[in-house]
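K.L.:
Below, each chain spelled out in residue letters.
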Amino acid sequence: MKHEPAPDARRDVGRTRRGAAWAGLALTLAVAVLPHVASAGRAVSPPIEPRGLEGAPVHVVDQKPCVGANDLARLLDAAKYWRADVRKLELRSGAHRVQLTADNPFVIVDDATLRLPDPVRSVHGELQAPVALLDSLPHDSTLARLLYDARRGMVLVVPTSGTVGTPRLSVAEGVTRLTLPVDQPEDAQVVSRAREHFRLRFAGFYAGGAADSGSVGLVRGVRGLAAVTGCAFELRIAPDAAAFRLVREPGRVTLEVSRAPVAAWEAFAPEGPSGPRHLRIVVIDPGHGGADPGVIDHGLEEKDLTLALAKRVRTELERRLGVRVVLTRDDDRAISAEQRAEIANRARADLVLSLHVDGFANPRARGATALCPPASYSGASGTRGAPEAATLAVLPWREVAARYAVQSRALGEAVLTALELRDSGPTRLRETLPIELLGVNAPGLLLECATLTNPADRERVSGDAGQDAIAIAIADGVEAWQRNE
Amino acid sequence: MSAFARRAVRVAIGALLFAVLAWALWHARSPQRGANRAAARPDTVAAGLKAVRLYFAAPSGDSLVGEARDLVEGGTLHDRVTALVAELDRGPLHANAVAALPAGTSVLHVYLDDRGQMTLDLSRAFVQGFHGGSTAEYLAIASLVRTVADNVPEVKRLLLVCGGEPLSTLGGHLPLDRPIDVSDWP
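Line order of the protein sequences matches chains A and B. The first sequence begins at 0 in numbering that gives the first Met the number 0 and counts up one residue at a time. The second sequence begins at 0 in numbering that gives the first Met the number 0 and counts up one residue at a time.
Any given hint might turn out to be false.
[As the list claims (entries may be wrong)] What follows is a set of in silico ranges between Cβ atoms, one per label pair, in the way DEER data are often shown:
| id | chain 1 | residue 1 | chain 2 | residue 2 | range |
| --- | --- | --- | --- | --- | --- |
| 1 | B | Ser167 | A | Ala464 | 44 to 52 Å |
| 2 | A | Glu270 | B | Val71 | 46 to 54 Å |
| 3 | B | Arg123 | A | Arg150 | 32 to 40 Å |
| 4 | A | Val189 | B | Gly163 | 38 to 46 Å |
| 5 | B | Ala102 | A | Ala333 | 46 to 54 Å |
| 6 | B | Asn95 | A | Arg318 | 19 to 27 Å |
| 7 | B | Gly115 | A | Asp331 | 24 to 32 Å |
| 8 | A | Thr159 | B | Arg177 | 38 to 46 Å |
| 9 | B | Gly163 | A | Glu337 | 38 to 46 Å |
| 10 | B | Glu164 | A | Glu337 | 14 to 22 Å |
| 11 | A | Asp331 | B | Gly103 | 29 to 37 Å |
| 12 | B | Gly115 | A | Pro395 | 17 to 25 Å |
| 13 | A | Leu113 | B | Gly103 | 48 to 56 Å |
[As the list claims (entries may be wrong)] Only pairs whose alpha carbons sit at most 25 Å apart, straight line, appear in this in silico DMTMM-like list of lysine to aspartate or glutamate:
| id | chain 1 | residue 1 | chain 2 | residue 2 |
| --- | --- | --- | --- | --- |
| 14 | B | Lys155 | A | Glu430 |
| 15 | B | Lys155 | B | Asp88 |
| 16 | A | Lys310 | A | Glu185 |
| 17 | A | Lys87 | A | Asp102 |
| 18 | B | Lys155 | A | Glu265 |
| 19 | B | Lys155 | B | Asp176 |
| 20 | B | Lys49 | A | Glu185 |
| 21 | B | Lys155 | B | Asp180 |
Read the hints as simulated data drawn from the structure, not as lab findings. We treat Cβ as the ideally placed atom computed from N, Cα and C, and that holds for glycine.
Construct the entire structure; sequences and hints are all you get.
P.N.:
Listed below in structure tokens is the structure:
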């Protein structure tokens with residue numbers, strides 16, 4: 000269908016591109032750079048050096064951490080007024096003012112006089128304020144919130160998404176709990192519910208310290224994934240864990256894991272056996288085509304981008320895996336969902352990838368999304384349960400892809416992880432059967448490789464280098480799925 | 000019998016009749032004894048405020064964001080669902096969410112069968128106003144499904160139609176030709 004954004008929406012794209020870029024970098028950078036905490040008993044991985052997060056280095060003066068007055072003024076977006084006769088510097092930002100005096104521990108913040116543990120020093124003509132000052136700055140929406148990050152040795156501007164603190168593990172009454180202090184609990188998400196790769200994602204950036212042991216109760220390991228303005232944690236959950244729930248309370252988020260099934264709690268995703276998967280024929284479906292351009296933004300049409308991308312993925316898969324790749328279309332023409340399924344089934348596909356490019360009204364939204372058949376599926380007939388078991392007999396043919404739900408979800412996680420590693424995040428996996436997989440008798444995904452309405456993603460997906468990077472990432476994911484280690 | 004006595008009898012009979020009539024009228028309008036008649040009245044006269052929970056999209060497109068709001072309670076099912084969809088179309092009041100429903104969407108008809116399947120007939124703006132990819136499509140449907148399911152708990156499945164005609168899909172990624180099991184859209 001045609002989805003050209005309104006002119007207003009297109010103008011908004013440009014206005015908010017920086018905000019979207021920050022949000023999207025979160026999981027991506029972390030997965031790429033952070034070392035894993037693979038074994039139990041180690042702390043959560045330390046966060047990486049923030050990139051894109053506004054901050055200033057801390058200087059050590061008389062063995063005390065200090066922040067320079069010029070940096071402080073920049074971070075607070077304040078004007079500076081210097082009185083040389085009394086060696087006083089006043090920073091004014093909106094209705095707020097901070098007055099520093101050289102070699103004096105007393106500072107004036109708005110109308111209050113405070114005594115810092117150490118005096119303000121003058122080094123090479125610039126005042127250096129002890130970082131303890133940051134705790135005394137007013138907290139309101141008109142003034143940037145500053146945080147002293149001792150591990151990074153920086154003073155950081157806390158993004159609007161807030162911070163995430165140190166996770167703590169505990170066990171009580173048979174329930175294992177992972178609790179994190181979180182400024183914005185409503186943004187916490189479970190992005191993968193597989194026991195081996197259980198992932199929590201937060202909009203805030205990780206400002207915590209060393210965490211508890213990674214193996215307590217039903218949690219066998221915690222891997223910290225920190226990044227610019229967001230962070231994530233990957234947990235290894237014990238195989239005998241049955242259910243979980245995420246409890247969001249003011250100021251904190253708690254993941255509760257239970258060995259016994261609990262009504263209204265969520266179940267973990269089922270997982271298939273390990274070992275290499277049979278992969279000989281891959282069908283790639285370039286989304287849309289012909290009279291159906293898909294998402295249109297800045298003169299770019301989804302149907303063209305998906306076709307170009309499909310050809311690159313074909314080249315990459317043939318070269319690396321030696322598989323036969325079939326495209327459902329190799330030119331600009333419309334084909335129905337039934338025709339796409341027929342092509343895949345006639346080719347006896349071992350894998351079907353329907354490539355798309357996403358679009359959303361808010362240009363801040365970015366990243367990749369995969370849609371795969373749900374592992375617990377209820378069709379129109381009202382049947383429920385794992386389709387690979389007893390309900391197979393009543394599964395309508397159009398929902399046959401649900402037979403491969405476990406493999407499809409594993410494929411989705413592998414491909415999305417690979418995309419994150421190549422800076423195409425954040426990613427999200429949705430377990431819902433898309434039209435493109437109706438009647439497809441193979442594991443498959445609908446993959447939104449990027450978000451065309453986001454400026455950074457649009458630049459990536461429309462350029463040769465960006466398309467190559469996405470194609471390589473998809474091939475990485477397919478290869479990892481095939482190895483199934 | 001004297002004339003005075005006959006007049007007194009007539010006055011007494013009149014007073015008795017008046018008392019009987021007054022009692023009958025009071026009896027008929029009594030809230031306790033007239034409960035059956037009151038319950039049979041159509042429920043369109045209620046005018047209280049009712050807390051509802053609406054679902055919009057997170058600005059990142061990751062998920063839904065719930066928002067509590069007080070609505071003037073409509074009496075009929077049609078009124079209630081129409082008000083809910085109108086509020087979704089109006090958009091969120093807070094900055095931490097964006098509207099998920101295509102602009103201008105409204106309710107034409109609502110039908111709920113005895114098995115909990117609701118058929119929701121939406122205006123053509125639902126399709127014509129849609130822009131975006133599968134994320135926008137997923138969140139538009141999820142917003143509608145979750146809002147209806149949370150506020151009309153008797154709904155178990157939801158069939159979306161548009162302008163009185165069947166709807167196969169909204170944006171080409173998710174099938175809508177069959178009823179949606181609301182429990183599949185947490």
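K.L.:
Hint compliance check: list the failing hint numbers for this structure, sorted ascending.
P.N.:
Of the numbered hints, 1, 3, 5, 6, 7, 9, 16 do not hold.
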